[in-house]
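From first to last, the protein sequence lines stand for chains W and A. Heads up, the final residue of the first sequence is numbered 271 in UniProt numbering, and it's a clean run with no missing numbers. Heads up, the final residue of the second sequence is numbered 315 in UniProt numbering, and it's a clean run with no missing numbers.
Incorrect hints may appear among the rest.
[Stated by the list, open to error] A few chain A residues that don't get close to chain W, going by computed Cβ distances all over 12 Å: (1) 25; (2) 31; (3) 53; (4) 56; (5) 103; (6) 139; (7) 141; (8) 202; (9) 221; (10) 224; (11) 232; (12) 235; (13) 246; (14) 268; (15) 302; (16) 307.
[Claimed, not checked] Pairs of lysine-lysine, DSSO-like flavour, derived with a Cα cap of 30 Å: (17) A/136 x A/312; (18) W/268 x W/99; (19) W/55 x W/180; (20) W/99 x W/224; (21) A/104 x A/220; (22) A/223 x A/97; (23) A/298 x W/137; (24) W/268 x W/202; (25) A/97 x A/56; (26) W/137 x W/202; (27) W/99 x W/262; (28) A/312 x A/302; (29) W/10 x A/104; (30) A/97 x A/136; (31) W/202 x W/262; (32) W/137 x A/97; (33) A/241 x W/25; (34) W/43 x W/137; (35) A/220 x A/259; (36) W/202 x W/180; (37) A/298 x A/241; (38) A/136 x W/178; (39) W/137 x A/302; (40) A/298 x W/25.
Calculated directly from the structure, the hints in this document are not laboratory data. None of these values were measured; they are calculated from a predicted model. Note that CB positions come from ideal geometry on N, CA and C, so glycine has one too.
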Amino acid sequence: MGLASYLRSKLIPAELDEQVNRIRKPIGTLGYDPWGYNNEAVKYGFSVARQIYEKYFRVSASGVDNVPAEGPVLIIANHSGQLPIDGLLIGYALASREKNPRIPRAMIERFFPTVPWLGNLLNEIGAVLGDPVNCAKMLANNEAVIVFPEGVRGSGKLYRDRYQLKRFGNGFMHLAMKYKAPIVPVGVVGCEETIPAIANIKPLANALGVPYVPVALPVVLPAKVHLNFGEPMYFDDTEIPEEQVTERVEAVKAEISRLIDKGLSERKRLF
Amino acid sequence: MSKHQRPRILITGAAGALAQQVIRRLRESCDLVAVDFREQVYLGDDIPSYCIDFNKRVFEDLFRRYEFDGVIHLGRILSSQLTRMRRYNANVLGTQKLLDLSHKYGIRRVIVLSTYHVYGAVAYNPALIDESAPLKSAGLSADLVDSVELENLANIYLWRYPELNITILRPCNIVGPGVRNTMSTLLSSERAPVLAGFSPMMQFIHIDDMADAIVAAWAKPVKGVFNVAPQDWVAYQHALKLCGCKTIPIPSIPPSVPKAIARVLNLRSFPPYLMAFFKYPVVIDGRAFAREFGFEPKRPLKEIFRYYRDNKKPV
């Protein structure tokens with residue numbers, strides 16, 4: 001047995017292999033989809049994510065069954081913690097659920113594809129450049145798509161602004177309406193404490209071409225994470241003015257805010 | 001088509017592997033005339049073959065003599081060939097001449113071969129790009145300007161002279177036996193350069209499938225612009241691995257470094273202006289063409305890569 005296959009057998013137990021293979025994905029003959037998702041890479045990602053999810057952040061997730069078993073769905077959550085750990089944890093929660101697991105796709109920042117190794121790695125485990133065309137084509141493919149409508153406004157916020165929702169973009173609502181995709185709101189509690197930042201060095205961020213450079217400890221703290229999945233919200237696809245779309249977005253935002261408060265009240269301690 | 005018993009077609013780029021596959025498929029049912037500006041190729045006694053520059057006046061004599069029904073324009077000079085200026089003359093001005101003559105002599109069907117390179121490789125590209133997406137490559141490299149200009153020109157003629165029934169095909173990487181483009185050269189080499197940390201998604205179509213696609217387009221005169229690509233995808237470095245190529249990583253950041261290295265190496269198979277295509281994906285959506293022309297590629301990726309693995313010496 002070669003080293004590669006030995007590692008594979010250690011990292012990917014048979015039942016995990018089975019579990020990932022069971023989740024149907026529109027992939028080509030070599031295991032890829034057009035966005036770079038790769039079935040084999042997902043198995044490794046799954047195995048690593050399990051350790052991070054269960055051992056490091058000791059995630060407690062409730063209501064994950066609110067995500068429909070099939071069909072297009074948008075999973076909308078608050079974004080926090082400098083790194084897209086929240087996306088990974090939500091993704092794992094859905095991929096590892098007992099009944100009808102799904103491998104969701106996360107919409108990621110536009111700068112990730114320009115980062116060597118990381119960009120490809122994220123693509124292989126299902127993350128996709130956050131472009132409305134991508135999101136639309138994925139919903140048309142009946143995918144579950146994770147969107148953080150706050151974008152970098154959310155992930156880059158400082159510790160003193162924790163759990164304050166930033167402005168939500170309206171793009172996700174237009175797509176949900178067009179593709180008749182239910183919206184499952186998620187309140188993430190705990191990720192704010194993983195990389196608490198006290199400041200953002202904007203000039204350096206500009207020079208490096210990245211969205212932000214936080215002043216923070218060079219470690220990811222093992223905060224306990226609570227994920228609260230809300231009931232699916234349905235919106236019809238009638239032609240309405242942007243003002244009313246914003247109202248609908250605000251309704252989703254209010255629901256996420258409620259789920260965050262629920263998570264905060266459930267939380268006994270930070271770690 | 002009342003003039004002759006069988007449709008008479010002018011095929012350009014006759015010296016290329018793709019044109020020869022198309023000729024093989026059409027010679028039974030059509031009268032063909034082959035031209036190439038590079039060399040005169042012998043295609044059998046039944047197919048007149050010429051070596052002509054489209055910009056020369058004698059080119060018009062062919063139209064007078066043969067009274068063509070259709071034109072299949074495959075004679076595009078690849079971005080890796082000749083100088084920018086000569087390529088512009090041949091691809092853009094030559095195509096304009098060809099389309100003008102097609103209009104003048106009442107041709108009823110024109111198929112123009114373009115390339116997916118026109119979309120340009122940008123970090124912000126969504127996947128499954130459809131035909132209405134903007135063509136960004138002209139802004140990225142002056143070496144791809146002629147590809148975009150050729151398309152623009154064909155598009156203008158498409159709308160100005162609807163009776164020409166112009167169909168523009170934008171295929172993904174055409175590969176397989178006899179293909180001499182950049183990608184085919186890379187896949188058939190022993191060692192291939194890659195940008196460290198980047199392995200963009202790519203699409204490949206077998207030359208025989210592409211020839212089938214062109215024949216399908218000839219059979220149904222629906223005008224418009226169409227991507228041609230199978231519904232299958234693979235990461236570049238994975239494709240190289242399946243072709244049995246060793247990869248040579250080239251430092252990829254900052255972006256000026258790989259460009260400078262490519263310029264110094266001066267490899268025909270790894271030109272600086274295509275650098276972005278080895279970094280960012282350009283995944284096109286070929287479903288519209290498949291639907292409209294009832295086209296389905298028959299050669300899977302595994303078969304394509306097996307060919308390159310078994311034939312390591314460049315063809």
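Going through the earlier hints one by one, which of them does the structure break, listed in rising order?
8, 11, 12, 15, 17, 19, 24, 26, 29, 31, 32, 35 and 36
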